[in-house]
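From first to last, the protein sequence lines stand for chains V, L, Z and S. Quick note on UniProt numbering: the first sequence kicks off at 1 and runs consecutively. Quick note on UniProt numbering: the second sequence kicks off at 1 and runs consecutively. Quick note on UniProt numbering: the third sequence kicks off at 1 and runs consecutively. Quick note on UniProt numbering: the fourth sequence kicks off at 1 and runs consecutively.
Derived by calculation from the structure, the hints in this document are not laboratory data. Some hints could be false.
[Stated by the list, open to error] Calculated Cβ distances over 10 Å to all of chain S for the following chain V residues:
id : residue
1  : A44
2  : R104
3  : K124
4  : A261
5  : G275
[Claimed, not checked] So the derived label-pair ranges between C-beta atoms look like this:
id : chain 1 : residue 1 : chain 2 : residue 2 : range
6  : Z       : R86       : S       : D136      : 37 to 47 Å
7  : S       : D168      : V       : F274      : 21 to 31 Å
8  : L       : A115      : Z       : K111      : 48 to 58 Å
9  : L       : G114      : V       : S204      : 35 to 45 Å
10 : V       : P273      : S       : R225      : 29 to 39 Å
11 : Z       : K208      : V       : E42       : 20 to 30 Å
12 : V       : P299      : Z       : Q276      : 56 to 66 Å
13 : L       : E189      : S       : G114      : 46 to 56 Å
[Said to hold, decoys possible] Chain V stretches covered by chain S per the calculated footprint, using a threshold of three residues with CB under 8 Å from any CB of chain S:
id : stretch
14 : 144 to 154
15 : 239 to 251
As the structure is a computational prediction, the values presented were derived from the model and not from experiment. Glycine included, C-beta positions come from ideal geometry on N, C-alpha and C.
Here's the letter readout for the chains.
Number of protein chains: 4
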Amino acid sequence: MGKKIAILGASGYTGAELVRLIATHPGMEIAALSADRKAGMEMAAVFPHLRHLTLPTLTTIEAIDFSAIDLVFAALPHGLSQALVRDLPKTVKVVDLGADFRLRDPAAYEKWYGAPHVAVDLQKEAVYGLTEFYRDDIRTARLVAGTGCNAATVQFALRPLIEAGLIDLDDIICDLKNGISGAGRSLKENMLFTERQTDVLGYSQGGKHRHLGEFDQEFSLIAGRKVEIMFTPHLVPMSRGILASCYVRGDATAIHAALAARYADEPFLNVLPFGQAPGTGAVAGSNFCQIGVIGDRKPGRALVVAALDNLNKGSSGQAVQNANLMLGLDETAGLMLAPVFP
Amino acid sequence: MGKKIAILGASGYTGAELVRLIATHPGMEIAALSADRKAGMEMAAVFPHLRHLTLPTLTTIEAIDFSAIDLVFAALPHGLSQALVRDLPKTVKVVDLGADFRLRDPAAYEKWYGAPHVAVDLQKEAVYGLTEFYRDDIRTARLVAGTGCNAATVQFALRPLIEAGLIDLDDIICDLKNGISGAGRSLKENMLFTERQTDVLGYSQGGKHRHLGEFDQEFSLIAGRKVEIMFTPHLVPMSRGILASCYVRGDATAIHAALAARYADEPFLNVLPFGQAPGTGAVAGSNFCQIGVIGDRKPGRALVVAALDNLNKGSSGQAVQNANLMLGLDETAGLMLAPVFP
Amino acid sequence: MGKKIAILGASGYTGAELVRLIATHPGMEIAALSADRKAGMEMAAVFPHLRHLTLPTLTTIEAIDFSAIDLVFAALPHGLSQALVRDLPKTVKVVDLGADFRLRDPAAYEKWYGAPHVAVDLQKEAVYGLTEFYRDDIRTARLVAGTGCNAATVQFALRPLIEAGLIDLDDIICDLKNGISGAGRSLKENMLFTERQTDVLGYSQGGKHRHLGEFDQEFSLIAGRKVEIMFTPHLVPMSRGILASCYVRGDATAIHAALAARYADEPFLNVLPFGQAPGTGAVAGSNFCQIGVIGDRKPGRALVVAALDNLNKGSSGQAVQNANLMLGLDETAGLMLAPVFP
Amino acid sequence: MGKKIAILGASGYTGAELVRLIATHPGMEIAALSADRKAGMEMAAVFPHLRHLTLPTLTTIEAIDFSAIDLVFAALPHGLSQALVRDLPKTVKVVDLGADFRLRDPAAYEKWYGAPHVAVDLQKEAVYGLTEFYRDDIRTARLVAGTGCNAATVQFALRPLIEAGLIDLDDIICDLKNGISGAGRSLKENMLFTERQTDVLGYSQGGKHRHLGEFDQEFSLIAGRKVEIMFTPHLVPMSRGILASCYVRGDATAIHAALAARYADEPFLNVLPFGQAPGTGAVAGSNFCQIGVIGDRKPGRALVVAALDNLNKGSSGQAVQNANLMLGLDETAGLMLAPVFP
């Protein structure tokens, strides 16, 4: 018998991805699924690709008996998790895929999300869910805050470099190309197929994207000083994937060596040979992240490229990886599915 | 230790899909990979999405020691398997994903493929690999001929109806919408991204497509008379998936009941509630096939729709399913991966 | 000075396509644009691709002075044109791109659209806007009803054949592949990019699609008896285009000859050499329709394929073509723009 | 009667785009089309979307009588134009869409293209075809060298800023997102639909892309010192379009003001309001380029974004614009076609 899992917000893309991953996970079983506006529906009606599975009917959060649940994945719109987690029985472990617990500082939360946090104690308790860098804390955590998908991608590219002092902290430019599923399943005119199919378009440019709150927090923490990167995401016409092109000042060879050494034993982080860079197609549908380093013709300049699947390693895969640690399971359980190409 | 597997033609899409499936298969391990023109290369260079796996270097077929192999998947261009399989040690089981052994009749083979068969004995020995209809024969076969991807899709929709005499055999029209990966990885101008991205285009119309040889063989066999369907495939701008819209004369309710009854215990074939039809997105990346039946406003007319992933259930997934049977493994081993959506 | 044009519903795709066409039209100029929910906005904000044009600010319908308008294009949601056109000054010519005036029979309208028509007199007055078949009536009409985009495509393929008695009227099956822009710009979950990008899916199957009302009306009229076709549209992952695959009983050579003869002098309808069929990429962005005929291996069976751009020849291009006639301009004025490929 | 035009290399995408544009150009007519490997074919067979046009049969270059030609568009693979142009009658004007005459310095040519130039005199004579910056020279030129499509995009974003000394010349990072048609119609495995549909991938990173030769030449010339930018293109799954995200150091407000002032009278270059950035969908199919400027939260940092259609403004549209000047026609003739969206 596997660990009993509840997924809150199961009618969104990260919810569906959780169900997909748990479907072949050897140590978890889905005990409850909630989706407030679609409560009463079967998952097969909401996500026809999950028809082959025997799943609980969608319900409301209130209808779930959390005493029978080992771990909750909260895949809710930003802002809804705070009160919810506060009111859950303390025996239940929680992986929150939203943004509510990513920032430890109440002021930073209010700055980026526009409202005060309603569960400041939990905000402090929550462990930041970037597994490869917070593994030990996650293992014993009750509440883990999944990272932003962009935040994960860029941190995989840059954290070891900042830790090792290999790059100029005042000149980091990260240009991201993002699959459309990152926008979720909510209805927006600019997310219609016809709007996106032939368009590449930046958004939240100029330092407005909320994931900057995470970058500022994490990079400043490990650098021991304030670090502010430039970060621009772009919508590209594909469903899944993030490609982060990070332009830095530093020695490309040393940068590559540092990343290769740091991730040598990581099961999900693959550093390519020096001079090669990955594409998103190489990781789609999987929990893997590929990273490459390229030296520029201009000495002292390097390009660090990271590719991952925003719904998987950037969100639901990361969540399962963290849950595996929290539940005492093998960290890679259920997550070794190979990427799907073409 | 799993069964030792060799994949011939591993640098094509069905080869890569076999590797993907076997990567998490509990009872198989990859012992050899061939790709004549890319011999000497690593799979990670040919298919970057397989970089996380430890795989044998690509080699030539001649360099493989087949005495150490339990089963061969031959994912070769049409026409190359005949001599190859003839010359393999008889102890090796073979699943051929190409067209060489799909037709039992040498005359039919020559008619559709334009040259005489060079291994007529094997042609007769080979079992047609439509698992759900040839399961017992496959279990004991040494050589199984994987079906055409279109052929599988349409047969799942129509075989039980022909067997039960529920539809007019002289008025079957099958209109298919096909993902581009069905054309393989070979270089053709009309398969460039720019040629296909904004185009929907039929091909091999009018009764020229080679998969008609399979339809003629199988449908005539089970009907006990000559059956010739109309069959038109269309290229649509997606990588994976086949949607078969089959227009038939017959009672829609009875048709639905027959399909639902026939497939009730099949792990990979799902019949939707009456009046619903599937899309390809509901099966992409998986070994599942979804089937729906819709009655028309014109009495006595029905639409039977089947959706599957051409690279998976239509080819490599079917091949693994057959290999499972041939090797005494659980038929579903390694194949319960959920579809990937979005 | 060109004719003064008002476009009602300019914030939708057919509205934008009208603006695009009129932008280089030598005999029309845009005098008013309405979009109720976006009134007050500039078109450049609603459609950035029209930024280079000097256009009137979007307004409400009520704010338009129709006395200064020569012709109105009504690109409104179904049901809104009836009362609107009824209340316009009788001096204004109208091309309605919606469905309100396509059906002449009030009972048929109510059957297919679920409510009684509120302007039955106008319903009778309106000329059906299939230019190539109603050209003379359109020239003198005050109110022209644009056809459904599917209805146009299939009628181009089949009308001459029904007129000439070349095909079996009881066995016509039309399978359509449709670009997503046909669904318009309104917000629906199943029209999000992520929902459609990897999916092919039928809809309104079994005789439920409203365009059947047009087929029934037109085909029965020209046949002199009741004709009911089978018609199934499918969403495919592209923005523009309709490919209609029409399966008929008849002599393929005679069918091809009839179409070639009928359309020999039509500037926008191109019949391909016998045995060739078009793709949607060959007409995207244009007012052209390509038609092909292929004989089947089964004697007496033929496939007639028609391809057009739903937003252009299927809607806004047709509308401009009709308006040209109504305004005494050259029928092809502004419409000879070549298709855009790739 | 229009000017007589010959297009060499008419079977490629830029050749087809030239035909499309000239099809509705009031002052040009196509007198000859060459395509060596497809000589003898009709354009309708090579490009079905041009079927409605009456065009010369494709021929070899040798078969063209250049004495009857006013202007040649050479859309040939890199390296083929040099000898060709050298041997043409001096009465014929030439717009070369390839790379052969973009670099004035023979050493620079050899560095970036790997072989010595065979027509050094012509190399010096050729005028660089960035119309908005070389307009007067182009008007009187016999030979104009079309720019690289990436080179055009980035120069529109940056030239006025370098001219005005508004940005730090040592810290210019340009990250481009490129439609696949930029790779042309030649057969490459990595340009197949299935390879590109779900992938975003950088290429020629690190200072290897040949368009850097143009940037170095032009930016150093106008700066009066050596300028080397960082430039990284990325393949994204769309057919047309380039989005250049240029990260610069400078005052964003001043940058916007300089661009707006410089392009105020340019018919094809549109500067958006400060703080807005364009997408490629806003210019696809047209000769327009949209440019936006966004200030970053980091003071002194700005993002300049330019979007154009690589086949049109980036290549064939630019070529027609230059030809208009060379032939004494209105500069915008034939080029005011609105972008096609969706």
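Verdict on chain S covering the stretch 144 to 154 of chain V, criterion of 3 CB contacts below 8 Å:
Since three or more residues must qualify, the claim that chain S covers the stretch 144 to 154 of chain V is violated, with 0 doing so at under 8 Å.
Please test the hint of 37 to 47 Å on the beta carbon pair from R86(Z) and D136(S).
59 Å, violated
Cβ-Cβ distance between G114(L) and S204(V): within 35 to 45 Å?
With a Cβ separation near 58 Å, G114(L) and S204(V) fall outside 35 to 45 Å, so the hint is violated.
When you look at the beta carbon of A261(V), is every beta carbon of chain S farther off than 10 Å?
Its Cβ never comes within 10 Å of chain S, the nearest being 22 Å, so this holds.
D168(S) versus F274(V) beta-carbon gap, inside 21 to 31 Å or not
Check passed, 29 Å falls within 21 to 31 Å.
Between E189(L) and G114(S), is the Cβ distance one that fits in 46 to 56 Å?
26 Å, violated
Reported absence of K124(V) from the contact zone with chain S (all CB gaps over 10 Å):
26 Å, holds
Does the Cβ distance between A115(L) and K111(Z) fall inside 48 to 58 Å?
With a Cβ separation near 57 Å, A115(L) and K111(Z) satisfy 48 to 58 Å, so the hint holds.
Per the hint of 29 to 39 Å, is the separation of the Cβ atoms of P273(V) and R225(S) within bounds?
36 Å, holds
Are all beta-carbon distances from G275(V) to chain S longer than 10 Å?
8 Å, violated
Outcome of range test on Cβ distance (P299(V), Q276(Z); 56 to 66 Å)
58 Å, holds
Distance restraint evaluation - K208(Z), E42(V), Cβ atoms, bounds 20 to 30 Å:
23 Å, holds
Going down the numbered hints, you'll see the structure goes against 5, 6, 9, 13, 14, while the others check out.
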